[in-house]
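Spelled out, the chains give:
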Amino acid sequence: MSDMHRTKQARDRWNFLWEWANPVKFMWFSGRVLPWLIAATVISLVASLVWGFFFTPEAINFGSSVKIIYVHVPTATVAVSAWFMMLVASLIWLIRRHHVSALAAKAAAPVGMVMTLAALATGAMWGQPMWGTWWAWDPRLTSFLILFLFYLGYMALWAAIENPDTAADLTSVLAVVGSVFAFLSRYAVNFWNQGLHQGATLSLDKEENIADSYWIPLVIGIGGFMLFFVTMVFIRTRTEIRLRRIHALELRERMADA
Amino acid sequence: MIALLARDLALAIRAGGGFGLGLAFYLIVSTLVPFAVGPEAAVLARIAPGILWVGALLACLLSLDRIFQLDFEDGSLDLLATAPIPMEGTVAVKALAHWLTTSLPLVIAAPIFGALMNMPAPGYWWIFVTLLIGTPALSMIGAFGAALTVGLKRGGLLLSLLVLPLYIPTLIFGAEAATRGIGGFENTTPLLLLAGITAASVALLPFAASAALRINLR
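Those protein sequence lines, which keep their order, are chains L and E. All the letters of the first sequence, read from the start, carry residue numbers 1 to 258 under my numbering. All the letters of the second sequence, read from the start, carry residue numbers 1001 to 1218 under my numbering.
Worth double-checking, as some hints may not be accurate.
Calculated cross-link-like contacts (lysine to aspartate or glutamate; reagent style DMTMM-like; alpha-carbon spacing at most 20 Å) [stated by the list, open to error]:
1) E:K1153 with L:E253
2) E:K1153 with E:E1040
3) E:K1153 with E:D1078
4) E:K1153 with L:D138
5) E:K1153 with E:E1088
Residues of chain L clear of chain E, computed beta-carbon distances all greater than 12 Å [unchecked claim]:
6) E19
7) L45
8) A47
9) L117
10) A118
11) W131
12) A156
13) N163
14) V219
15) I246
16) H247
17) L249
18) R252
Only part of the chain L face toward chain E is listed, based on derived beta-carbon distances under 7 Å [as the list claims (entries may be wrong)]:
19) F150
20) M155
21) E162
22) T166
23) A167
24) L170
25) F181
26) A188
Simulated from the structure, these hints should not be mistaken for lab results. Think of the CB as a built atom: it goes at the ideal place given N, C-alpha and C, for glycine as much as any other residue.
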């Protein structure tokens, strides 16, 4: 009996999480939190970029080009995290049918895609002086290009389907299946490149052997870009919810006219 | 289910759908490549396995939208959905029909087109084997993509955008196994990984595809 009691208690403790799936509650909560989020995003981004660009020493082998790391690494981190967030949100939608979850996944996709593109672009700009080429078929670079294609397909499917619930369902199925294949591609690409060339010499684990003076602004930068992502997803989800409401109001008016 | 397979095969052959068209497309791709890269035998031999794999993949892609589209339009897909066989079975049979009518001819033709590209002798065997192992995955993944886009008016282009990224692992392992086999290297690992992708796709994707079909038929 006490066991059952305890599990029920545990369930009650986590139930509050699902309450945020109520659009009204979400709007209230996100409206309250957004100003703070925006402030935190601006402060951490400005801090990390100013610190990183102007107050870190120039690396001996890299010159000042190393400073693009303060955009490159955070955007890459967010690009991958955003896909995971979309996967989780899609699963929540498929299992528990919370509309906010589906809309949040939809809202996250363009942000994640832009982050992927930014990581690729800054990588190319960094690669040009360092490796002497804009692009190499290195496993990491290739994986990001593939991730970009997955974002494209996901967004195209959202855009193509008119019925919002059908679109949410199908894109969620695509996100789940696509995640498996994206994961598979990551390892297939590793395999492929080792098969053709020597092992990857370009993808040093940058964070392992970096000095503290670069490390701290970089961590702040990753936090800042994460906050930026959360802020954007909140704003875009709020827009999506408002769009749904406008749509519902229009439908109701048309019904009243008829 | 056998009746469904027979029906799909008969329709594909008589209605002149992807059956010959995919094969003709494959031939054209194999013919165009030497014009683009030049007729040197050594260069062609080197890129032949990759070109044959990409060509097979594109030819397979060409007829994917026919897997469900026609049945969706004339309403027989609704009947199949309410039929006593499970939806997963329907999807698997339709993917099998696509494989038999589109992919299998490509697999058989690939060694012949390989001759056009001066592929060395072991290549005929390896391109045949890798395509034979890999194409069921292509058909099954394609059936999943077709199930996602079946309700759309002009889903063809979207279908390729969705399906091509999903094809990447199959392509990598397939082309790698063929290239290594031709070079006389050990290629058991990519072959096994390719077979693994096919086995997993055939086992799991019917469930995802039928989920998508149910959503579209709602």
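We went through each hint and held it up to the structure:
1. E:K1153 with L:E253: At roughly 29 Å apart (the allowed maximum being 20 Å), L:E253 and E:K1153 break the hint.
2. E:K1153 with E:E1040: Distance of about 44 Å is beyond 20 Å: violated.
3. E:K1153 with E:D1078: Answer holds: E:K1153 to E:D1078 is near 18 Å, not above 20 Å.
4. E:K1153 with L:D138: 39 Å, violated
5. E:K1153 with E:E1088: 24 Å, violated
6. E19: Consistent with the label, L:E19 stays out of reach of chain E, its closest Cβ about 27 Å off (over 12 Å).
7. L45: The claim holds: L:L45 sits with its nearest Cβ about 31 Å from chain E, beyond 12 Å.
8. A47: Check passes; 37 Å lies beyond 12 Å.
9. L117: 16 Å, holds
10. A118: 20 Å, holds
11. W131: L:W131 is indeed farther than 12 Å from all Cβ atoms of chain E, at 23 Å.
12. A156: 5 Å, violated
13. N163: Given that some Cβ of chain E is not farther than 12 Å from that of L:N163, nearest at about 9 Å, it is violated.
14. V219: With a cut-off of 12 Å, L:V219 remains clear of chain E, as the shortest Cβ separation is near 32 Å.
15. I246: 25 Å, holds
16. H247: 19 Å, holds
17. L249: Fine: 25 Å to the nearest Cβ keeps L:L249 off the interface.
18. R252: About 23 Å separates L:R252 from the closest Cβ of chain E, which puts it past 12 Å; holds.
19. F150: The hint holds - L:F150 has a Cβ within 7 Å of chain E, the shortest such distance being about 5 Å.
20. M155: It is violated, given that the least Cβ distance between L:M155 and chain E is near 10 Å, above 7 Å.
21. E162: Violated - the Cβ of L:E162 stays beyond 7 Å from chain E, reaching only about 9 Å at its closest.
22. T166: Since the shortest Cβ distance to chain E is 6 Å, the answer is holds.
23. A167: Violated, about 10 Å.
24. L170: 5 Å, holds
25. F181: With Cβ-Cβ at 5 Å, under 7 Å, it holds.
26. A188: Holds. Min distance 4 Å.
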